[in-house]
Structures are given as C-alpha cells and as structure tokens.
Amino acid sequence: MTEESRRQTAARIRDVMTTDGAAVNEQVRNLNENRYESVAAFDDYESSRDRARKIKERAIEDLPTLIETVTEHVEANGGHVHVAKDGAEANRYVQDVLDEQAGETVVKSKSMTTEEIGLREHLADEGADVFETDLGEFVIQLAEESPSHIVGPSLHKSREEIATLFNEQFDPDSPLETPAELTAFAREYLGERMKEADLGITGANFVLAESGSIVLVTNEGNARKSAVVPDTHVAVAGIEKLIPSIEELHPFLELIARSATGQDIAQYVSLLTPPVKTPTLDFDRPDQPIDASDDDREFHLVLLDNGRTAMREDPHLRETLYCIRCGACLNSCANFQQVGGHAFGGDTYTGGIGTGWVAGIDGPDATAGFNDLCTSCSRCVPNCPVKIDIPWINTVVRERRNHGKTPDAVDHLIDPLVPDQEATGLDRQKRFFGNIDTVLRLGSSLAPVSNWALSLPGVDRLLESTVGIDRRRSLPHLATETFASWWADHQENPDSADTTVHLFVDLYTNYLYPERGKAAVRLLRELDLSVEVTPVLPSGRAPLSQGMISTATEQANEVAEALDSSIAAEEPVLVIEPSDLALFRSEYSKLLPTETAAKIEAGTVGILEYVTPLLKSQSEIESGASGEIVFHSNCQQRTAGFEEPTVEALEALGYDVRTTDVECCGMAGSFGYKSQFYELSMAVGGDLEPQVTDTEVLASGTSCVAQIESLADGDEPPHPVELVEQAWTEHTR
Amino acid sequence: MDAGAETTQFETAAADHDLAVTRTRAASFDSTLDGIVEYPAVGVSLPIDGVSLAETDVETTLTPRKLDAARTGVTPVSFGIATLGTVFIEGSADGAEPVSLFPERHVAVLAASDVCPELAAAVDRFGEELAAGPSSGVFATGPSATADMGGHVQGVHGPSEVHVIVVADR
Chain Z
126 MTEESRRQTA
136 ARIRDVMTTD
146 GAAVNEQVRN
156 LNENRYESVA
166 AFDDYESSRD
176 RARKIKERAI
186 EDLPTLIETV
196 TEHVEANGGH
206 VHVAKDGAEA
216 NRYVQDVLDE
226 QAGETVVKSK
236 SMTTEEIGLR
246 EHLADEGADV
256 FETDLGEFVI
266 QLAEESPSHI
276 VGPSLHKSRE
286 EIATLFNEQF
296 DPDSPLETPA
306 ELTAFAREYL
316 GERMKEADLG
326 ITGANFVLAE
336 SGSIVLVTNE
346 GNARKSAVVP
356 DTHVAVAGIE
366 KLIPSIEELH
376 PFLELIARSA
386 TGQDIAQYVS
396 LLTPPVKTPT
406 LDFDRPDQPI
416 DASDDDREFH
426 LVLLDNGRTA
436 MREDPHLRET
446 LYCIRCGACL
456 NSCANFQQVG
466 GHAFGGDTYT
476 GGIGTGWVAG
486 IDGPDATAGF
496 NDLCTSCSRC
506 VPNCPVKIDI
516 PWINTVVRER
526 RNHGKTPDAV
536 DHLIDPLVPD
546 QEATGLDRQK
556 RFFGNIDTVL
566 RLGSSLAPVS
576 NWALSLPGVD
586 RLLESTVGID
596 RRRSLPHLAT
606 ETFASWWADH
616 QENPDSADTT
626 VHLFVDLYTN
636 YLYPERGKAA
646 VRLLRELDLS
656 VEVTPVLPSG
666 RAPLSQGMIS
676 TATEQANEVA
686 EALDSSIAAE
696 EPVLVIEPSD
706 LALFRSEYSK
716 LLPTETAAKI
726 EAGTVGILEY
736 VTPLLKSQSE
746 IESGASGEIV
756 FHSNCQQRTA
766 GFEEPTVEAL
776 EALGYDVRTT
786 DVECCGMAGS
796 FGYKSQFYEL
806 SMAVGGDLEP
816 QVTDTEVLAS
826 GTSCVAQIES
836 LADGDEPPHP
846 VELVEQAWTE
856 HTR
Chain X
239 MDAGAETTQF
249 ETAAADHDLA
259 VTRTRAASFD
269 STLDGIVEYP
279 AVGVSLPIDG
289 VSLAETDVET
299 TLTPRKLDAA
309 RTGVTPVSFG
319 IATLGTVFIE
329 GSADGAEPVS
339 LFPERHVAVL
349 AASDVCPELA
359 AAVDRFGEEL
369 AAGPSSGVFA
379 TGPSATADMG
389 GHVQGVHGPS
399 EVHVIVVADR
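Chain order of the listed sequences is Z and X. Mapping of the first sequence onto the working numbering: residues 126 to 858, in sequence order. Mapping of the second sequence onto the working numbering: residues 239 to 408, in sequence order.
With the rest of the complex left out, here is chain X (with noise of 0.2 Å):
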C-alpha cells in the first residue's frame, strides 16, 4: 500500500473514531493550522522537515498557566495508525504529553509518511524505540470519551475535540 492509500485509510478510521483529519503540505502549513487552532494555544516543536509553529500564534513557551488557560494544544505524532485513525504521541521532555491532554482541542500534526499500516507494525515501532532506551507515549484515538455519567460524553479529563493534520508531502 503506498503512503497516498495509507493516508486515505488513515481518515477513513479517524472519521470512525471522532477525529477530524485535514491534508496539507508543508508549504500551507501555518494557513491550515491557522484554520483550525482556537487561541490561546500552545504547541511543542514540530520534527517535520519545512514545517514549524515559529511564525504562528501558537505559544510554546510553556507554563502552567498557558496550558491550564491554552484552548488548543499542538503536538506533533511520531506516527499514526492507518486502520484505526490513531496518534502515536512520545512522552518527550518539552511537554507533548500535557500540550496534548490539557487543552479542549488537541491538534496532532502527523507526517504522511509516518502512517503505520495497522496496530502490529505500530506497537513493533514503539517497542524499536524501547530497544533503543527506555521510551513512553500512549497511543490515542479520537476525544476523551466517558459513559459512566449516564450517556455517552466526549471530553473528560483529556480532549473533546481531536485534529489531526496530515502533512501530505513529508
């Protein structure tokens, strides 16, 4: 299956599970972001080649108090999984983890290459990583969803709304 299929694939499951997936390419980057992020938001750096939050509103200068007040947060995703729409997000030093569990709106930013083509080839990833040192992430798929209220709610203790940008030539 080459990369274009993938990403198909990838939206397909995303819509299934409640995420919301846009393609872009590196060149229109900041203008679909800006599409998308309510502000204030925060972000931590983004490892993709022409792609970065430096010329955008994007906060990543972090406190407690821009992530507690943060509307958005924008990580990227190691690598997303295209038969179930999930993010691969790495418990990094700069604060992925929090950037993409505090904020109502997590937008995860994902290279198109980087799209596993099933759960087995992304947990192998993960363990390449653990081989290399001790490593941690969680793999998420769509909001934060509760039923213990009586009903179905999305929007718990992480996200209500997850966004994931496809950048489509990277």
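Just chain Z, same shape as in the assembly (with noise of 0.2 Å):
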C-alpha cells in the first residue's frame, strides 16, 4: 500500500466514521451487551454451541446428498427445486417464475443472499416493482444504498434521516417524525403491497432436507405475509441453509436470536412445508370466501451455490459456511463498533465473516477494503454460536491477498529489515510490521543512538511516508539495557529451590519492557522457584497478524525447536505477553504438527496463571496493599480465558479491582500504528479511556500498554506482574 493509498484508505474511514459512526456505535453496543445478558442467563449456552457446530460440520460434509434429498422431497410435496450455479442463474429462474404469471408486483422479505446476487435490482430493471417488506431494509431500498449489517441492515441510520426521507419520498399529509408515526406509515404502504403482490420472495434461515421444510426467523411478521400472501413464493438459500431434518433444528433456535439481539426467541418462528394450506388470499376479489380448496399455490425453492461449493472444498474457507448470519461477530468487533459495514465489509456481507463471504464468492482481492480492519483481536470467537475461527479465516484470506502482487519498487530500502519467508510483493507496510523482531534487534543494538534517532525532527514523516507509521503516534523507547543482557548478570537462583520453570522472553519484555521480565524473575525466586530462561524468539505473532503465515510458521518452528527439552522435563513455561501465549494455545495448532501443538499448548502457563495459587497457598500475606486499581486484560487473554487469575491475585494481595470491560483497545497488533487507522484505532479507544482514567491502571498486553499511554497522554501502565511483585515483596515480610 502506498502513502497515498493509506491516505485514501483513511479519508474513506473518516468518511464512514463522519456519517455512519454515531448510530452504528449505540445501536451495535446495545445488540452486544443484549447478546451477552441473555447468553449469561442461558444456561445451555456452550453444549449448544457445540452440537451446533457438529451438525453444521456433518451438513457442510453431507451437502451433496442432502441437497438430493430436499429436492425429493419438495418436489413430492408438489413444488420446485432449482440449484443454480451462480446469481446470474438465480435471477434468471426468478423472473422466469415471474413472467410465467404475467406478475408485476413482488415482495420480498429480508435476505442476505438475494442481497448477494442483487434479485431486486433484476427484477426491477426487468420491469417488476420490488418492495423489501423488512423496515429496515425498506429504508435501505429508499435510500438506494447497501446495507451496512446482516441483521439490521439499516442500523446506521439515525431515527432523523429516517424521517427525512420518509418525508421527502412520501409527502404525507404531516410530517412523519416518532418511530411509531415511521413504523405505522410503514405498515400501512406496505401492507398495501403486500395485498396487491403476485409473487412473495423469501430467504431461508435453515432449509429441512428431509421434509422440505424452510425456516424463517423475524420479528415483524413481513416473512409470514410474504411467503403466505400470495399464490406464489420463492425461497431463496444458500446451500450451506441446509440440514438434515426438524431434529436438528433445537440448538439453531436457541441461539439465533440470542446471539443476534439478545432475545430468548424470535418473534416468529416460522416453519414452512410448502406449498402450505393456509389459503391465499385474493384482496382483489374482496368478498369472495376465504377457501383453501381452490388455491393454485406454487412453491419454488432455489439453492444459491455462487461459489460455496469451492468453499466446502478449500480447507480454510469451509467453516464460513457453518455461519447463520446472527452477526454476534460484528456486534463484538470493537472495530466493526466505529465504522458499521459500510467500511468494513463488502456490498453484501459485513464485519469479521464478511471477509470469508466475500472472499468465497468474489475472490480474496475483493476483500481489499475491509480484511486489514480484523486485528485478530479474537473477541468474536466466543461469540460465534457455531465456533468459527473467524480471525484465522481473516488470516488466511490476507495472506492469499498479500501475495501475486508486483513487487514495490522500493522494497530494496527495508529489504534488510525483511529476511522472511514470504513470496514477493508483500505490501512493505506488512513487511515491516511482519518483521518487527529484526527491527527491534537491530534497533536496540543501536539504542539510545536509536531512541535519540527517532526523535530527530522529519523521522517521523520518513516512517509515516515509507512505512505508514502514523507520525502522531509515539513509539515505544528500546530499553538501553535487554532483559538478555540484564539477565546474562542476574543468573544465581534460590539455594532452596528444587522446582525449575522456563521464562518465556518475548521480544516486548526483552526489548522495549525488561522490567516486567526483572519483576518476573524476582517473584518467581521470592516462591522458592528456580528460573531459566528461553532465548529471546520471536513467536510468530507479528507476522501472523499481516497475514504472513509462512513466516509465521518458520517461527512456531523455532519456538516449538527452543521450547521442546523444558516441556519434555515437564518444566512449566511462563508467558509474559499474553497475545503470544493465546497463539501457543491457540493458532499453534494451525501452524505446526498436532502433537508439536498440542505439547506447546501443555506446557506454556501465563505467569501470574502459575504464580496466583501459590501466593494464595502461602499464609504470610498480610494484605497490606490496598486501593482500587483497573486492569485492562488483553483481549487474546479475555478469550482464551487467562484472565481472572491476574484478578484474583491482585485481589488476594489485597486490591479492589476492577476489569475493563470494552472488546478491545484499538491497538491489537501493529493496527493503531498504521497511519490508515489511526483515527479509527483512537475511536475504539475512545470507548476505553473513561474507564482507564482517575485510577491506577495496569495492562498485560504490549499493545494495549502503548494505547493506553496515548489515551491517558503520559504513564505507561505497567504489566500486573510488577504490581505483584512489589505488592508481595512489601507485605509479606
């Protein structure tokens, strides 16, 4: 990416954030903190998460049969099945069922796949008039725009520009102004369409193969009207829509609202096997008796492939197919918070599975305007009803963007900095923050001459012009003085001790913090505990997150190589930086052999997850600290679950603390740094920093260590393990 690009890139974001920015923040907020009252209150949460996702693995691998046996059985029940290749086929089948009736009018209810392949734009420019019977995506129509969010498609618009063009298209008689007034208005154009429709498109939530049955989910009611109304309905679905049979159908309906907006269920449920008994009703012939014995009902169903077949077959792609679009993922994406779909997402499919479908059916390039907004946070995995690896998926699609690509003509300036193992044309800004080990170890080499280099007037813009660091972010200062060389002086352990643990030395601890390594150390000898240390590698993070995986795997290599004889010993290794150890437990497994990953995953333990029992064992503490402290946990840490036990030690020694509680910072990885996303990752800190303020603040995570010194303008905070450590020193002699 160029400096101009960036620039662009930036002006498009700031764009977004200008117009979208403010209703998207409350609406998805909200949807977030709903999702997790309700999934709180839901005690079956996780076991059914895990059958759903097995059904959906079997579904995805059983597709080709199951779409023969729906076709049976829709096709007994007297309608019709088209499985068409692409959305060109799609549309066409469409408006041949159209024309067939000589209809005119159709409505449609919300659906993301039609959105996909564009039905109501063929249909109208094929001379029908289409009405979105969804409010929301009513209003998306009327406003000629995309929608920016699976499920409500027009959250970003505010409850004011909704009445203004409500008032502008319509003219009614007094202004429209309340949601009320909007909604009735509404109801009553719409339910006059409904009453005049030829023709009723629907999507599918699930698709029934066994019985032939398709699954609605709304809370309005349009999908019922629609699929009802009329004599004729299409249903259109993606293939992946489909399951096997009614039996599998519980553990979706307990999480798709919940996950979506917090509800317990949808307003309607709906289950159809068409073409259905209820009769049709005729508002043209107005006195006639309502009678189903004469209806001439016609059900189509078309299962949309469009490129999902591919998917099933790409290892990496497939699991975007277990998705049932609830949008927890976007809800939960601190980034996704700011901006809506309109900057991160496609024409269709928005926020962190965005990139997977669009990717599957467009190709990886088209993901080009979003892909680099996923920060591989990891906040959105937990939130997935169906467990789908959604930051990895954004991994592998940047990757296969990075690469095919002419080389940048200046590559030669930081090709020194850049000895990995990537193909060429790798966009210099990923290069460098790819290859931030070799920055640093040159840069410290050098320190303070470095540090001193970097302030010099004009190195700022250098950076922002050749690498995209943004010049009003302040970097970290290298250490004068490694954690390595501290502790090349430092090696003599307890006499006592006889249990021996490994320190894991990240690159941040050894460069930029080597105190948290010092507090470290000294903890760990103050428990009796005799400390080796790993050489300082690094883990395959930095690269991962620019999507360059095969760098990445190079390093799990030499990690997995450094760290094999400790994990043999059964020696535990303690991790400092929490995002490196949520990669030993987690990405690891995507990067090395099962078994290499697995031991990794063993024998790794975050330090204060190992040090926080034994302070509890030991009696001595006099709870002498005191005072309320915030700790920001980095969100890698959040997910896997590591978390509490920083909580719980710091609480043991006597603190009152309290835990942030926004998705993530803003700085994830190198992502606050590039110029791009400046604006944007100051944004999402935005939603941090009152909760970071008037306190003392501590925070695991090196990147959320350097947003939270620009956030709170001075003090870095430091790693909890400082606090423990000076803590226990002082109050337990």
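In short, the hints are calculated from the structure, not lab data. If a hint is listed, it holds; no wrong ones were tucked in.
Just some of the chain X residues that point at chain Z, by a computed CB distance under 7 Å: (1) Leu300; (2) Gly329; (3) Ala358; (4) Val376; (5) Thr384; (6) Val394.
Where a beta carbon is used, it is the ideal one built from N, C-alpha and C, also for glycine.
Put the two chains together into one complex, using the hints given.
Following this line, the structure appears as structure tokens:
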C-alpha cells in the first residue's frame, strides 16, 4: 500500500465514521450488551454451541446428499427446486417464475442471499415492482444504499435520517417524526403492496432436507405475509442453509436470536413445508369467501451455489459455511462498532465473517477494502454460536491477498530488515510490522542512538511515508539494557529451590519492557523457584497478524525447538506477553504438527496463572496493599480465558480490582500504528478511555500499553506482574 | 411438573414477552372472550371440547374484506411453550395463519393440557406432525416488533397485541 492509498483509506474510514459512526456505535454496542446478558442467563449456551457446530460440520460434509434429499421431498410435496450455480442463473430463474404468471408486483422479505445476487435490482430492471417488506431493508431500498449490517441493514441510520427520507419520498399529510409514526406509515404502505403482490420472495434461515421445510426467523411478521399471502412463493437460500431434518433444528433456535439481538427467541419462527395449506388472499375479490380448496399454490426453492461448493472444498474457507448470519461477530468487534459495514464489509456481507463470504463469492482481492480491519483480537470467537475461527479466516485471506502482486519498487529500502519467508510483492508496511523482531533487534543494538534518532525532526515523517507509521503515534522507547543482558548478570537462583520454571522471553519484554521480566524473575525466586530463561525468539504473532503465514510458521517451529527440552522435562514455560500465550494455545495448532502444538499448549502457562495459586497458598500475606486498581486485560487473553488469575492475585494482595469491559483497546498488534487506521484506533480507544482514567491502571498486552499511554496522555501502565511482585515483596515480610 | 404449574410458568414467561394471559374454564369461555375481543372480529373454529365461537360475535366466514377490517383475530393454537410464552399456530386450510397475523389484536386460545415444558419438546411435537405429512406453522412469541425506525415499536406487519386465553380445564 502506498502512502497515497493509505491516505485514501484513512479518508474513507473517516467519512464513514462521520456519517454512520454514531448510530452504528449505539445500536451495535446495545446488541452486544443484550447478547451478553441473554447468553449469561442461558445455561445450555456452551452445549448448544457444541451441538450446532457438529451439526453444521456434518451437514456441510454431507451437502451433496442433502441437496438430493431436499429436492426429492420438495418435489414430492408439489414444489420445485432449482440449484443455481451463480447469481445470474438464480435471478433468471426467479424472473421466469414471475413471467410465467405475468406478475408484476413482488414483495420480498429480508434475505442477504438475494442481496448477494442483486435479485431485487434484477427484477426491477426487467420491469417488476419489487418492495422490500422488512422495514430496515425498506429504508435501504428507499435510500438506494447497501446494508451496513447483516441483521440490521439500516442500523447506521438515525431516526431523524429515516424521517427525512420518508418525508421526502412520500410527502405525507403531516410530517412523520417518531419511531411509532414511521412504523405505522411503513406498515400501511407495505401492507397495501402485500395485498397486491403476485409473488412473494423470502430467504430461509434453515432448510430441512428430509421434509422439504424452510425455517424463517423474523420479528416483524413480514416474512409470514410475503410467504403466504401471494399464491406463489419463491425461497432463495444458499446451499449451506441445509440441515438434515427437524431433529437438528433445536440448538439453532436456541442460539440464533440470542446471538443476534439477545432475545430468548425471535417473535416469529415459521416452519413452512410448502406448498402450504394456508389459503391465499385475493384482495381483488374482497367478498369471495376465503377457501383453500381451489388454491393453486406454487412453491420454488432456489438453492444458490455461487462459490459455496468451492468454499466447501477449501479447508480454510469451509468454516464460513457454518455461519448462521446472526451478526454476533459484527457486534462484538471493536472496529465494527465504530464504522459498521460500510467501511468494514463488502456490498452484502460485513464485519468479521464478511471476509469469508466475500472471499468465497468474489475472491480474496474483493476483500481488500476491509480485510485489514480485522485485528485478530479474537473477541468474536467465543461469541460465534457455531464456533467459527473468524480471525483465522481473515488471516488466510490476508495471506492470499498479500501475494501475487508486483513487487514494491522501493523494497530495497527495507529489504535488510525483512529476512522473511514470504514471496515477493508483499506490502511494505505489512513486511515492516511482520518483521518487527528484526527491527527491534537492530534498533536495540544501537540504542540509545536509535531512540535519539527516532526523536530527530523529520524521522516521524519518513516512517510515515515509508512504512506507514502514523506520525501522531509515539513510539515505544527501546530499553538501553535488554532483559537478556540483565539476565546474563542475574542468573543465580535460590539454593533451596527444587522446582525449575522457564520464562519465555518475548520480544517486547526483552527490547521494550525489561522491567516486567525482571519483576517476574524476582517474584518467582521469592516463591523459591529456580528460573531459567528461553532464548529471545519471535513467537510468530507479528507476521501472523500481517497474514505472513509462512514466516509465522517458521518462527513457530523455532519456538517449538527452543521449548522442546523444558516441555519434555515437564518444567513449565511461563509466558509474560498474553498475545504470545494465546498464540501458543490456539493458532499454533494451525501452524505446527498436531502433536507438537498440543505439547506446547499443555506446557505453557501465563505468568500469573502459574503464580496465583502459589501466592494464595502462602499464609503470610498481610493484605497490606489496598486501593482501587483497574486491570485492562489483552483481548486474546480474555478470549482464551486467562484473565481471572491476574484479578485473583491482585485481590489476594488486597486490591479492589475493576476490569475494563470494552471489547478491545484498538491497538491489537500493529493496527493502531498504521497511519490509515490511526483515527479509527483512537476512536475505539475512546470507548476505553473513561475506564482507564483517574485510577491506577495495569495492562498486560504490549499493544494495549501503547494505546492506554496515548489515551491517558503520558504514563505507561505497568504489567500486573510488576505490581504483584512489588506488593508481595512489601507485604509478606 | 403438572399442568397447573406449567400454565403458571407459561403466564410468567408470556408477561416477559409482552403477551397478556387470561385463564378461564370452558364454561365461561364466551364471556371471557367477549371481554378481550375488540370488534369487528374474525376467527377460525376452536378444536377444544366445550369451546366454540358459534355463540359469540366473532365472524367465522372469512373474506379478504372482513379480514382487512377486523380489529381482532381469534385462533386456536396447537400448543404453547411454558418457558417462553410462545404459541404455535398451525398453517391450516381454515386460515389460522392470516387471522393471527392481519388484525392488530390476536387472541390465541390454548388448552392448558397443550402447554409443552420447553422449546425442545415443542420442536419435537412439531416433528411428530411433520413425520405424518407436510405440515406448517409458526412459533409466535408476543407482538410483532421492529427496531428499524430508530426505536422499539410493537405492531409492524403482525399484531401489536397478543392475548392468550388458557382454557384451564381442557
């Protein structure tokens, strides 16, 4: 990416933040909070997720058979099935159905699949009057915009904007103002359209192969009317919506509304086995008694492939097909909360999972405008009802985008810094951040000269124009003495120690924050442990977040080799940097042989995860420490579930601990340093800011430290191990 | 759990989802219904012993015009779900689906013996119907609703009020 294109990206994001930001932020965070509450009150959440995941895995595996089964049953019921290889074919088929009945008015309930193929536009171009009946989709249709959210297509619009739109388009007798007035108007207007309609189009949330039933989940009731009022119903569904039968439906019904809006169940869950027995309503013959006996109902199920078969065969994109389109990954994404789908998504699919869908349908390059907005913070992962590893999909797609481009003309400027395993053509900014280990090593060998050099006038501009580090961002200072060199002089362990632990020395501890490493060593020795340290090695996190999977794999292998003997000796490896520990415990399974990854997962432990039980078992704590303290846990740490031991350690020492509850600080990895994302990163941080001012703050992740330092305008929050060590030393003697 | 306890649980859950519930007995059904219906009203016949719309002012010969003008729609429901206050309306040939959907008030008539303990049991029950042949219906929970117009509003394409009459002795 050139400096110019970084500037354009920044401008585009700024524009969307200005137009959509406030409304999106309010609505999406609201949905997110509702989901957390509802899920917390639902005892079977995890077991439902497990079941749903297994059912989807199996259904996608058996997809060709399910397509045959559903075809057989729909046809036996008297309906028609058409499997369309792409959008054009699906659109043509629906057009033919409409032409056959010489129909012209179409009512349509919300369906992202029809949005994906542009069905409404196609039918309108061919002369039909097509009305979206979901009010959010109706707003989008009137505004001639694309959806900004897969569940709430118009949630970027404020009430005022919707009122203005309606008043301009319909010029009602008295201007519409309140949500109730706007709803009443839309209900009346669309109610008339439904009465005239010749054809009703819906999507399908699930298709049950063994009975040929479709399941529609809505709150408004428009899908019910669209499906049953006209005598012809076309349901358009991606082939991935198939599940075997009604027996598999239950976990999805428990999860879909909870994950989407925090509701126990949506207002309406229609289970239709068409052609349905419900009589059609002919409002042109208002006094004709309603009678189903002479009905000539027609039903067509259009199953859309459009890239899905290829996704099924792609080991990395395949998981996307498990998606039930609940939007939980969007709502739990800190970046999405600020910009919504108009910056973070394609024409149809938005947010975290949008990358998988768009890459599958239109190819990885089609995600160029938004894929980098996934910081791999992983907060969406525990929120996905079918456990899709969304950050991994984003990483893989990023890697695919990275390659096959023309090499950057000025690559030689940073070539010495990038001994990576990547093919040519990789974006210079990505290579810089992906090779941060080399940058830190070279910089450190020259510190304090490099610190001085970085403060020279013009250097900030140079870094901005070459590798895209935003000049407003202050860079961390390289330590004048690295942890490794301090360690060389401090290797003596307590004579009484009979247990050995290994400290994993990450890049940041070594080059930037050696104090946290020293505190860890002192604390461990206080606890009568013998400490060994691992060689300073990059974990693979930095290249991985740039989509440099080959480089990350190479580094993971080096780490595996370095840890091998400690793990074989069953001596625990303690990790200070939570983004590295999360990597060892999750992504390594994607980079290393299964057995090696399992060993590393089992053999590594967070520094406080290890230490907390030891602290608590020692009786001599005097609880001398006191006062309120805020702990900002790294996002990956929260996802992986090792936030709690830090809180427990601090509480055991007498602190009153408050944890932050925003999804992410906005720095995750290198994200906040990149000039194109600086403003977005600071806006995300804006949600964190009120929680980290006025009280002493601790932060565990290196990136979070940098963000909180900028937000709070000054002090670098220490790692919790520093405070624990200090309090322990002061209060246990 | 006995039927009485399930009905009580149904009432509590229904209140959480903005449904009103009235318990009655077959013998007093007509007067209970009259207190709840706003006229004009349309309805479909109720397959509950001792309960009928025949002696009420609810119109059972449906036309599009009557459906359009009705302020209340009265339908039977096949079963309820105790934990959610949900009712299942069968998509039958006599028009229960549109009658429950078009008028602004839906009065759902449920026999206490047809309250399922929870969603899984209700899905199983629909599964049994499906095993017997093509079958359709809707799990409906409270009034139709939207948040798409900048605030939560009840009553969009479906009813704005849902009232369940539980016939306690059936």
